[in-house]
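One-letter residues, chain by chain:
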Amino acid sequence: MSDAAPLTKTALTPPTHTTPPAKFSHGVRKGNILQVAGQVGFLPAVEGQAPAPAGPTLREQTLQTFANVQAILEEGGASWDDVMMMRVYLTDTGHFAELNEIYDQYFAEQDLQAPPAARTTVYVGLPKGLLVEIDALAVLG
Amino acid sequence: MSDAAPLTKTALTPPTHTTPPAKFSHGVRKGNILQVAGQVGFLPAVEGQAPAPAGPTLREQTLQTFANVQAILEEGGASWDDVMMMRVYLTDTGHFAELNEIYDQYFAEQDLQAPPAARTTVYVGLPKGLLVEIDALAVLG
Amino acid sequence: MSDAAPLTKTALTPPTHTTPPAKFSHGVRKGNILQVAGQVGFLPAVEGQAPAPAGPTLREQTLQTFANVQAILEEGGASWDDVMMMRVYLTDTGHFAELNEIYDQYFAEQDLQAPPAARTTVYVGLPKGLLVEIDALAVLG
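Chains as they are written, first to last, in the UniProt record's numbering: chain S, 1 to 141; chain D, 1 to 141; chain A, 1 to 141.
Chain S on its own, in the form it takes in the complex (with noise of 0.2 Å):
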């Protein structure tokens, strides 16, 4: 690559989410890697508001962390095609068959062109009342 220019590292910040609880960002491009910062559940930043999660159960956390996700994606000239790895907490192992479930429905309506993305899910700790978090790497081009 010693001919091309510089690459620029850009960050993605979607309308739609709060403000990073730190110096970090929702995710950031640079090249063609695109790597998406952990989402969780929480609706549509509301000036003033604290972030709230999208309701009490999985399947509502996860659809909404999906759309997290995603705007972070589009936000990079990316979509869920070029997702090379899903990385999934989950705080609970009894909530992995519901999670596949969820999964499974959710980016069966995606109309994906290319193979889904390799994954990882494992059971940690999240802040109280959060379910789930997933986090993203796409590589576009």
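Simulated from the structure, these hints should not be mistaken for lab results. Hints may contain errors.
Copies of the same chain look alike in the list, so a pair counts if it works inside one copy or between any two.
To be verified - Here are the computed lysine to any residue pairs in the SDA-like style, where the Cα-Cα straight-line distance is at most 20 Å:
(1) LYS128 / ASP92
(2) LYS23 / ASP111
(3) LYS23 / GLU47
(4) LYS23 / ALA67
(5) LYS128 / GLY31
(6) LYS128 / GLY94
(7) LYS23 / ARG59
(8) LYS23 / PRO51
(9) LYS23 / PRO127
(10) LYS23 / ALA54
(11) LYS128 / ALA22
(12) LYS128 / LEU99
(13) LYS23 / ASP104
(14) LYS128 / GLY77
(15) LYS23 / GLN113
(16) LYS128 / ARG59
(17) LYS23 / ALA11
Just so you know, these numbers come straight off a predicted model, no measurement behind them.
With the hints as your guide, set chains D and A onto chain S.
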């Protein structure tokens, strides 16, 4: 890369692998980036049977997990030498020393030509009976 | 990239770092991709002594972890500006607010020229005495 043909995203599905339990790929390659999904110590798939771990011990499961990661790398034209990052998920901090012993012995036998990958090891929850999960990011070329 | 010379994978081993406890690299670079292994708050290595954390507090450990990540980035010719993703592993959800405070203050002092990296923070188990672990993915150029 403006002159290059569009990159194709390819699913990597070794014949030894069980069908993923959801709409994700065991591995994907796009351009020179290859991502292996979280692998566990499941034995090669047997049609009509549920996936079964190679055994109850960390050693059995880790060695089978390595074999499962390697099968996906090879399906994508890569080898251990191309791996940049290994993410190792254990369930018990008490397994760290034994994991390292198994890890070292395994990679000593792989006759690597390049330096070993970076690694992060953290302790999470995994589905019942599973002691280890590993995913990998590779850069080919 | 068909006309390019084969990419070389290089291990990044800052002189400040202890020998990894297993066959992995503290960081690797191949082409314009640089991966930093999970770093913790260990002080610079002292020959013949076991690795020791910078202190018992989240602040001491986080600042030392940043220094350890940065040393690997610099060893590979990169800087914080090249970092796409920071993965922060904490052991206690109660540490989130303090981590963010330390994080913000640290990066405010780094005089970044590019937008900050994306980030995922999850709560996992870590070896006894360690409160934080961080790894990083960078894209140079």
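Cross-check of the supplied hints:
Taking identical chains as interchangeable, the C-alpha atoms of LYS128 and ASP92 lie at most 20 Å apart whether they share a chain (13 Å) or sit on different chains (11 Å). For a Cα distance limit of 20 Å, the shortest separation of LYS23 from ASP111 across copies, 12 Å, qualifies, whereas the shortest one inside one copy, 35 Å, does not. When the C-alpha separation of LYS23 and GLU47 is checked against a cutoff of 20 Å, the pair qualifies only within one copy, where the shortest distance is 19 Å, while the shortest distance between copies is 36 Å. Proximity of LYS23 and ALA67 under a CA criterion of 20 Å is satisfied inter-copy only: 17 Å between copies versus 22 Å inside one chain copy.
Taking CA atoms no more than 20 Å apart as the test, LYS128 paired with GLY31 passes in neither setting, with 36 Å inside one copy and 40 Å between copies. Within a single copy, LYS128 and GLY94 get their C-alpha atoms as close as 17 Å, and across copies as close as 10 Å, so both meet the 20 Å cut-off. In this homomeric assembly, LYS23 and ARG59 come within 20 Å of each other (Cα to Cα) only across copies, at 16 Å, whereas the closest approach inside a single copy is 29 Å. For a Cα distance limit of 20 Å, the shortest separation of LYS23 from PRO51 inside one copy, 17 Å, qualifies, whereas the shortest one across copies, 30 Å, does not.
Taking CA atoms no more than 20 Å apart as the test, LYS23 paired with PRO127 passes inside one copy only; the shortest distance there is 18 Å, against 27 Å between copies. For the identical chains of this complex, LYS23 and ALA54 are neighbours neither inside a copy (24 Å) nor across copies (23 Å), given an alpha-carbon limit of 20 Å. Proximity of LYS128 and ALA22 under a CA criterion of 20 Å is satisfied intra-copy only: 18 Å inside one chain copy versus 27 Å between copies. Proximity of LYS128 and LEU99 under a CA criterion of 20 Å is satisfied in both settings, with 19 Å inside one chain copy and 17 Å between copies.
With identical chains, the CA atoms of LYS23 and ASP104 are at most 20 Å apart between copies only, with a shortest distance of 5 Å across copies and 34 Å within one. Proximity of LYS128 and GLY77 under a CA criterion of 20 Å is satisfied in neither setting, with 33 Å inside one chain copy and 40 Å between copies. Only between protomers do LYS23 and GLN113 lie at most 20 Å apart by alpha-carbon distance; the minimum there is 13 Å, versus 35 Å within a single protomer. In this assembly of identical chains, LYS128 and ARG59 lie within 20 Å of each other by CA distance solely inside one copy; the values are 17 Å within and 23 Å between copies.
Taking the closest pair of Cα atoms, LYS23 and ALA11 come within 20 Å of each other only inside a single copy of the chain (12 Å); across copies the shortest separation is 29 Å, beyond that limit.
Checked against the numbered hints given earlier, this structure breaks hints 5, 10 and 14; the rest are met.
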